[in-house]
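Visitor: These are the residues of each chain, in order.
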Amino acid sequence: MEEILRMEHITKRFGEFYANRDINLSVLKGEVHTLLGENGAGKSTLMNILFGLYQPSGGQIFLHGKPVAIDSPATAVKLGIGMVHQHFMLVEAMTVFENIILGDRNTKGIFIDRNARRKEILELSERYNLDVELDKPITEIAVGAQQRVEILKALYRGAELLVLDEPTAALTDIEVEGLFRIMKKLVGEGKSIIFISHKMREVMQISDRITILRAGETVRTVERGETTGEELAGLMIGRELAPSHYAKVTKPGAAVVSLHDVDYQKKSKHNGLNGVTLEVGRGEILGIAGVDGNGQSQLAQLVTGVIAPEGGSVDMKGSRVATFSPNGFILENVSHIPEDRNKMGLIGNMSVMENILLKETGDPRFSDAGGWHLKRKAMRTYAEQMQQKYDIRCTSVAQESRNLSGGNQQKVILARELENHPDLLVAVHPTRGLDIGATRFVHDTMISARDAGCGVLLISADFDEILEMSDRIIVIFEGKIMGEYPGSNPPIDQISLAMAGK
Amino acid sequence: MDMNFVTNLLLASVRMATPLIFISLAELYSQRAGLTNIGLEGLATIGSLAGFMVSLLTGSPMLGVLAGLLAGILVNMIFAYATISLCAEQIVYGMAINIFAPALAAFVYRVYFGSGSELVQVKLMNTLSSSVGITPSNFFARLLLDQTFMVYLAYALVVFTAIYFNRTKSGLNYKAVGEYPKAAATLGIDVIRTKYLASIICGALAGMGGAYLTTCYTTTYVDGNVAGRGFIALAAVIFGRWSAGGVLLACLFFGFCDALQIRLQVMSFGLPYQFFQMIPYVATVLVLALIGMKKAGPKSCGKPYRREER
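Sequence order for the protein chains is H and P.
Quick note: the first sequence uses our numbering, first residue 1, plus one each step.
Quick note: the second sequence uses our numbering, first residue 1, plus one each step.
If you are wondering where the hints come from, they were derived from the structure by calculation, not from laboratory data.
Being a predicted model, the structure only gives us computed values, none of them experimental.
Some hints here could point you the wrong way.
[Unchecked claim] Here are the simulated lysine-lysine pairs, DSSO-like style, with alpha carbons at most 30 Å apart:
#, chain 1, residue 1, chain 2, residue 2
1, H, Lys78, P, Lys169
2, H, Lys29, P, Lys182
3, P, Lys182, H, Lys199
4, H, Lys119, P, Lys169
5, P, Lys299, H, Lys78
6, P, Lys169, H, Lys136
7, H, Lys317, H, Lys248
8, H, Lys78, P, Lys303
9, H, Lys267, H, Lys502
10, H, Lys108, P, Lys182
11, H, Lys119, P, Lys182
12, P, Lys299, H, Lys343
13, H, Lys108, P, Lys169
14, P, Lys299, H, Lys136
15, H, Lys343, P, Lys182
16, P, Lys182, H, Lys66
17, P, Lys303, H, Lys343
18, H, Lys185, H, Lys136
19, H, Lys78, P, Lys182
20, H, Lys136, P, Lys303
21, H, Lys267, H, Lys343
22, P, Lys182, H, Lys136
Please put together the full structure from these sequences, using the hints given.
Guide: Below you can see the structure in the form of structure tokens.
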């Protein structure tokens, strides 16, 4: 088959740091070529170079055998390269139609010829089964639909080579299936796709060939048929990773928190709770399974005191909760790994040290004069201990937390939330967006908290995570509890049906 | 209150709204490209002085307006370079323009005219009716004909702006820069160029708005003659929901308040005149408080755009 793209000896430095070092990549016409690697392995950097967003410090790119210099995204588009970024490049204040024609240079005239453009877009969307509503604003369509808009945008600009940067990260399983059908259709029509992912199951399902990157360098390119998921994982993280099996707890201790018939905006299908009764005991992990947006956020906010129930009651360690406030729950020794670490979990502009100690500033170890004087030295020593213990990779504890990778940010939160031995840990999507190594670390840490007697409420949209971690599983759908299942040998089919509301 | 009062009030509203329209459109073009420029007051002041001096020296108010436009662009290039190329804080540099430009204007005026108390006067721009030599009598004829070129230009610019942002490809691309510059860049839109273009338009329009005050409105230049119009224009952009038509209505409203206060001052009612002078400013505060910030403006406003941000 014809080679459409070859990248040779690509190097990219940011100051002293090599994001890419001597990377080689070759993509054939009509194939799905996966770039596999952990967070920070240099996948996105490489693709940003291909798309002209970054200039390489060294190396050469060939398209159809000819050397090209891609100095801007405009050039990349002209050369037939389209990119769907991990964080969508869609203007929210505009409609789907406007987003697709934005920056269009192929048509003549000053004014927008709406009818002609619509016709072209609809032809494309039919040909590749990319179903979109052209007149809706971006804010009103689902994530899966936004992604179809992105693909359509690239095709509309005449892309022959499509880069999909972690396209499945934000999608539900059903949406992922839809995306894969579209990808197969695209390569069937002779387009080439570079697929970026670190989800092994998906990689083995969709790829023709796989190139593995590690720490900014190419490890190897393999055919899908010649490898296994385990081998790929090993190549990706540079060591063997034994499959994890955590022992399940069947007899939990006394209840830490129990909800009785709790309502919160119960008419809302996506943001409410309707008659929820559940209990988390000491030393067990209760997993809440369900598709995102079925009341999980509200459940998490309720058991951390951010919102108060509109009906029913909540007992904390045997006594009824009268007032709901985050501080009240913190004083009850409830810890929280929030669903969005950047918005709720960390203060990005503050240092790692300050984030670790946010809840401890009143502690006499770190301040005196009633909190009016902070003991910087003691704080720093403690933060550095935590940096060691939780393996937080940062230049120093004074580094701003927003500059850390997702995995390291999550470790900062773990250090803050777990070090004071909580009675209840509420963990919401604790490994979303994390790579295999960091995910394993978070899971191990949660299991040891459980074994130390902490009750854990795990809320996750990642079904594999729920199955691996939970001692008991509860399925939530449209704010209602659909059923409870044991964590060991769970009835997977039944749970799947319950998650779909059946 | 007779009919004459109302007619004159409405005609004055249109005149008073004109500088606001120029200055508000300046801000609209700036914010649509993601640049919150609070330096309008300074830009208008320098435009006002340049307009005054050139129209005095050449005897042509039109050349005065042109000078105001160029002076506005020149001063706004400081803001543009600092905020676009150096990624400096927009509010800080806008404030710097507000401090620097009026001081520069006052300095130039003193150096040139000395510090005497005698006010130098210039000829104002003719209205359409007087240049063709007719005297319109009824209200609508006066509204349509008894205006200077600048008034017609202001309304033409409003129409042009509305069409540009809503109907043209270039306008759509321009708006994308203000909403999500990174996305615009991935579509091959030159973000930096658009932002500089926006700064040129902003400086030009704000300078013209200032020049209007000394070529069409009063015959002299005095320090502080812009009198907060740069800030009222900022409010007009928010009140007008970042659309050309909305901005026009907001400016007419503020212009009306201004015209009203002058007339009430003359009628006095025994109250100190400063009380009536407050009206446009109180109206601004009330409007901003009432409409709130529900729909915020272009998303990237205030944020610098860095090309290789990781």
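Visitor: Does each hint hold? Answer for all of them.
Guide: Consistency of the hints with the structure:
1. A distance of roughly 18 Å separates the Cα atoms of lysine 78 of chain H and lysine 169 of chain P; the hinted pair therefore holds under the 30 Å criterion.
2. Of the pairs offered as hints, the one joining lysine 29 of chain H and lysine 182 of chain P holds, with about 29 Å between alpha carbons and a cut-off of 30 Å not exceeded.
3. For the proposed pair lysine 182 of chain P and lysine 199 of chain H, the alpha carbon gap of about 27 Å is at most 30 Å, so the pair holds.
4. Distance check on the hinted pair: lysine 119 of chain H and lysine 169 of chain P sit about 17 Å apart at the alpha-carbon level, within 30 Å; holds.
5. Between lysine 299 of chain P and lysine 78 of chain H, the direct Cα distance comes to roughly 28 Å. Compliance with the 30 Å bound is thereby established for this hinted pair.
6. Between lysine 169 of chain P and lysine 136 of chain H the CA atoms are separated by roughly 19 Å; this keeps the pair inside 30 Å, and the hint holds.
7. The suggested pairing of lysine 317 of chain H with lysine 248 of chain H holds, with an alpha-carbon distance near 23 Å, which does not exceed 30 Å.
8. As the CA atoms of lysine 78 of chain H and lysine 303 of chain P are separated by approximately 29 Å, the hinted pair is consistent with the 30 Å bound.
9. Of the pairs offered as hints, the one joining lysine 267 of chain H and lysine 502 of chain H holds, with about 19 Å between alpha carbons and a cut-off of 30 Å not exceeded.
10. Between lysine 108 of chain H and lysine 182 of chain P the alpha-carbon distance is near 25 Å, which keeps this suggested pair within the 30 Å criterion.
11. Our distance criterion of 30 Å between C-alpha atoms is met by lysine 119 of chain H and lysine 182 of chain P, whose separation comes to about 28 Å.
12. The straight-line distance between the Cα atoms of lysine 299 of chain P and lysine 343 of chain H is roughly 17 Å, inside the 30 Å bound, and the hint therefore holds.
13. Annotation: proposed proximity of lysine 108 of chain H to lysine 169 of chain P holds, straight-line Cα distance about 10 Å (limit 30 Å).
14. Between lysine 299 of chain P and lysine 136 of chain H, the direct Cα distance comes to roughly 19 Å. Compliance with the 30 Å bound is thereby established for this hinted pair.
15. Of the supplied pair hints, the one linking lysine 343 of chain H and lysine 182 of chain P holds, its CA atoms being roughly 21 Å apart against a limit of 30 Å.
16. The straight-line distance between the Cα atoms of lysine 182 of chain P and lysine 66 of chain H is roughly 28 Å, inside the 30 Å bound, and the hint therefore holds.
17. Restraint check for lysine 303 of chain P and lysine 343 of chain H: the C-alpha separation of about 18 Å stays at or below 30 Å, so the hint holds.
18. Distance check on the hinted pair: lysine 185 of chain H and lysine 136 of chain H sit about 25 Å apart at the alpha-carbon level, within 30 Å; holds.
19. About 18 Å separates the Cα atoms of lysine 78 of chain H and lysine 182 of chain P, which keeps this hinted pair within 30 Å; it holds.
20. Pair hint lysine 136 of chain H plus lysine 303 of chain P holds up; C-alpha atoms about 27 Å apart against a cutoff of 30 Å.
21. Distance hint between lysine 267 of chain H and lysine 343 of chain H is fulfilled; the C-alpha atoms sit about 27 Å from each other, no more than 30 Å.
22. Taking the CA atoms of lysine 182 of chain P and lysine 136 of chain H, the gap is near 22 Å; set against the 30 Å cutoff, the hint holds.
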